[in-house]
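Participant: Going down the list, the sequences are from chains P and X.
Residues 1 to 271 (our numbering) make up the first sequence, in order.
Residues 1 to 286 (our numbering) make up the second sequence, in order.
Simulated from the structure, these hints should not be mistaken for lab results.
Mixed in with the good hints, there may be bad ones.
[Said to hold, decoys possible] Stretch-level coverage of chain X by chain P, calculated; a stretch enters the list once three of its residues show a Cβ under 8 Å from a Cβ in chain P:
id, region
1, 78-86
2, 246-260
[What the hints assert, rightly or not] Computed beta-carbon distance windows for the label pairs:
id, chain 1, residue 1, chain 2, residue 2, range
3, X, H41, P, Q9, 28 to 36 Å
4, P, T92, X, S58, 54 to 62 Å
5, P, L144, X, G147, 40 to 48 Å
6, P, N96, X, S16, 48 to 56 Å
7, P, H229, X, T29, 55 to 63 Å
8, P, Y228, X, F18, 26 to 34 Å
9, X, E164, P, G192, 26 to 34 Å
10, X, T42, P, I38, 35 to 43 Å
11, P, T128, X, S58, 47 to 55 Å
12, P, L237, X, S141, 27 to 35 Å
13, X, P263, P, M221, 48 to 56 Å
14, X, G68, P, Y228, 52 to 60 Å
15, X, G226, P, M221, 43 to 51 Å
These numbers come from a predicted model, not from an experiment.
Note that beta-carbon positions come from the ideal geometry of N, C-alpha and C, so glycine has one too.
Residues per chain are reported as follows:
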Amino acid sequence: MLNNITLGQYYPLKSVVHALDPRVKILLLIAYIAGVFIVPDLTGFVLVVLYLALACKLSKLPFRLLIKGLKPLRFILIFTCILNLFFTGGETPLLNLGFATLTREGLINAVRYSLRLIFLVLGSSLLTLTTAPVTLTDGLERLLSPLKVLHFPAHEMAMMMTIALRFIPTLLEEADKIMKAQSARGADFESGRLFERAKAMVPLLVPLFVSAFRRAGDLAMAMEARCYHGGEGRTRLHILKVEKRDWIAILITAVFIALVILEPHFVPWHL
Amino acid sequence: MQLTFDHVTHTYQPGSPFQATAIRDISLTIGSGEFTALIGHTGSGKSTLAQHMNALLSPTEGRVLLDGRDINEKGVSKRDVRQRIGLVFQYAETQLFEETVAKDVAFGPKNLGLSPEETDTRVREALERVGLSYADIAERSPFELSGGQMRRVAIAGVIAMRPEMLVLDEPAAGLDPLGRQEIMALVQGFHRAGTTVVMISHSMDDVAETARRIIVMDQGKLTMDGTPEAIFADAERLVELDLDVPQTCRMSLELRRTWPDFPMCVRADEAYEALLTRLKGGKAHA
Ligand SMILES: Nc1ncnc2c1ncn2[C@@H]1O[C@H](COP(=O)(O)OP(=O)(O)O)[C@@H](O)[C@H]1O
Ligand SMILES: [Mg+2]
Numbered sequence: 001m002l003n004n005i006t007l008g009q010y011y012p013l014k015s016v017v018h019a020l021d022p023r024v025k026i027l028l029l030i031a032y033i034a035g036v037f038i039v040p041d042l043t044g045f046v047l048v049v050l051y052l053a054l055a056c057k058l059s060k061l062p063f064r065l066l067i068k069g070l071k072p073l074r075f076i077l078i079f080t081c082i083l084n085l086f087f088t089g090g091e092t093p094l095l096n097l098g099f100a101t102l103t104r105e106g107l108i109n110a111v112r113y114s115l116r117l118i119f120l121v122l123g124s125s126l127l128t129l130t131t132a133p134v135t136l137t138d139g140l141e142r143l144l145s146p147l148k149v150l151h152f153p154a155h156e157m158a159m160m161m162t163i164a165l166r167f168i169p170t171l172l173e174e175a176d177k178i179m180k181a182q183s184a185r186g187a188d189f190e191s192g193r194l195f196e197r198a199k200a201m202v203p204l205l206v207p208l209f210v211s212a213f214r215r216a217g218d219l220a221m222a223m224e225a226r227c228y229h230g231g232e233g234r235t236r237l238h239i240l241k242v243e244k245r246d247w248i249a250i251l252i253t254a255v256f257i258a259l260v261i262l263e264p265h266f267v268p269w270h271l
Numbered sequence: 001m002q003l004t005f006d007h008v009t010h011t012y013q014p015g016s017p018f019q020a021t022a023i024r025d026i027s028l029t030i031g032s033g034e035f036t037a038l039i040g041h042t043g044s045g046k047s048t049l050a051q052h053m054n055a056l057l058s059p060t061e062g063r064v065l066l067d068g069r070d071i072n073e074k075g076v077s078k079r080d081v082r083q084r085i086g087l088v089f090q091y092a093e094t095q096l097f098e099e100t101v102a103k104d105v106a107f108g109p110k111n112l113g114l115s116p117e118e119t120d121t122r123v124r125e126a127l128e129r130v131g132l133s134y135a136d137i138a139e140r141s142p143f144e145l146s147g148g149q150m151r152r153v154a155i156a157g158v159i160a161m162r163p164e165m166l167v168l169d170e171p172a173a174g175l176d177p178l179g180r181q182e183i184m185a186l187v188q189g190f191h192r193a194g195t196t197v198v199m200i201s202h203s204m205d206d207v208a209e210t211a212r213r214i215i216v217m218d219q220g221k222l223t224m225d226g227t228p229e230a231i232f233a234d235a236e237r238l239v240e241l242d243l244d245v246p247q248t249c250r251m252s253l254e255l256r257r258t259w260p261d262f263p264m265c266v267r268a269d270e271a272y273e274a275l276l277t278r279l280k281g282g283k284a285h286a
């Protein structure tokens, strides 16, 4: 009943993009997002498309998966377009609708902001689709660990995120099982008005909480039994190492950023 | 009542990288009054098969028919099917949620739209049938009971719907030997009272004592189907499938070293009779 929900949308495949060091991937994503934001004109988005296409091709992901990530964005996109189209102002009117004027500047802004949003989400999806959630938090922990000097609990944060992520599938499975068990007793989770539906969730939520608390207790006990005492002096099972492919990815991204910055200098027109 | 599987295949999450075919091309028929045991290695698809019996899962291919009618058809009420075919999940006590035992057991009957009086009758009857005293337990919280009691309350929650057929997924899993025996006795009681029973089990000994028919699953396929005598006679095959034979059968095989014609006994009382006959016959010599 719940198997169409994919949380932590990781799509396991064997590809160079999947194999990149998560720290490098996170930093590259930040660089890419910066790139998307400093693109000076519409022509510059050609570079973004090329960069993203290359990454997508190398990751072997089916293209429709990336596109699917845009679906929740559609209302924001429409909203952005309308706002920019009619409220930008500017000198070159294209169309007078009476209540508002459509200008050349408005049109360009609408396209630019929509593209920015789209490429932002596409890039982030590429990271979450190619990186297992636990690997991602591992990378995040390492990136944030310099902040430990400032007493920022990088390890504890990462551990909490890892545990939460680890238990999402388990809890979903559990929820699925309890839902089925209650359905076997004639429960109906699908029809009824809002209030009835909310009430119908009680037989699902109570057992789910009971089991989540029991699991949390068990886990805490198991961790203590194995002498877990926080991040201090802890060695790691998976040692992250920056390899050749990571350097190549960094190089490609650096070239991409450089081209984005230099683009107005070698393209004669400005759109 | 007759439940028929017609070439049923089920694939979880088709089209995703996590796609897994749990059962393949299953055809079988379960008739009124049968006591069928479903055995197989972990992951062989027993639970998936069981969840097809009351339309909790629908086949990716094939059909499940109740008295000749496809239970996943549009016009068929799922609630009716689930009332007629009760399913007790593995570790059923995890489904308890109400403040009191009585309210929890009443959940099923209420969903069927029964009157408060009828619901109350059903609750009393169901608790009685699982061997719990209504007076002692009805107003207690299900969460303060022992593991075995919780399991029985959960079973009562399904029994209260008065199903014609009861499907139990490893009803004795995780209980101590005494709790195990009590649950097995309950299940046998339901069968004797006229309920058709399908029981998934890991314990060959439990199956040997109770079932009249055994279905063996292996990697999603139905590989053996027959009487306990026939199934356990093929001990090598079971061992190949990583399954065991009951202790009674193992003992029978051992005794054949002394009496080559010693019968293959499945139930303990049979073994006792056979052994007694041999000993009285005085032919024993070791
Ligand atoms: N909800 C699910 N999603 C994906 N795969 C599942 C799900 N439930 C079971 N499976 C898989 O289907 C197979 C059969 O499982 P199951 O029917 O539970 O077997 P059994 O009850 O015999 O142990 C297993 O390989 C299991 O991993
Ligand atoms: Mg199972």
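Participant: Can you name, in rising order, the numbers of the hints this structure does not satisfy?
Facilitator: 2, 10, 11 and 12
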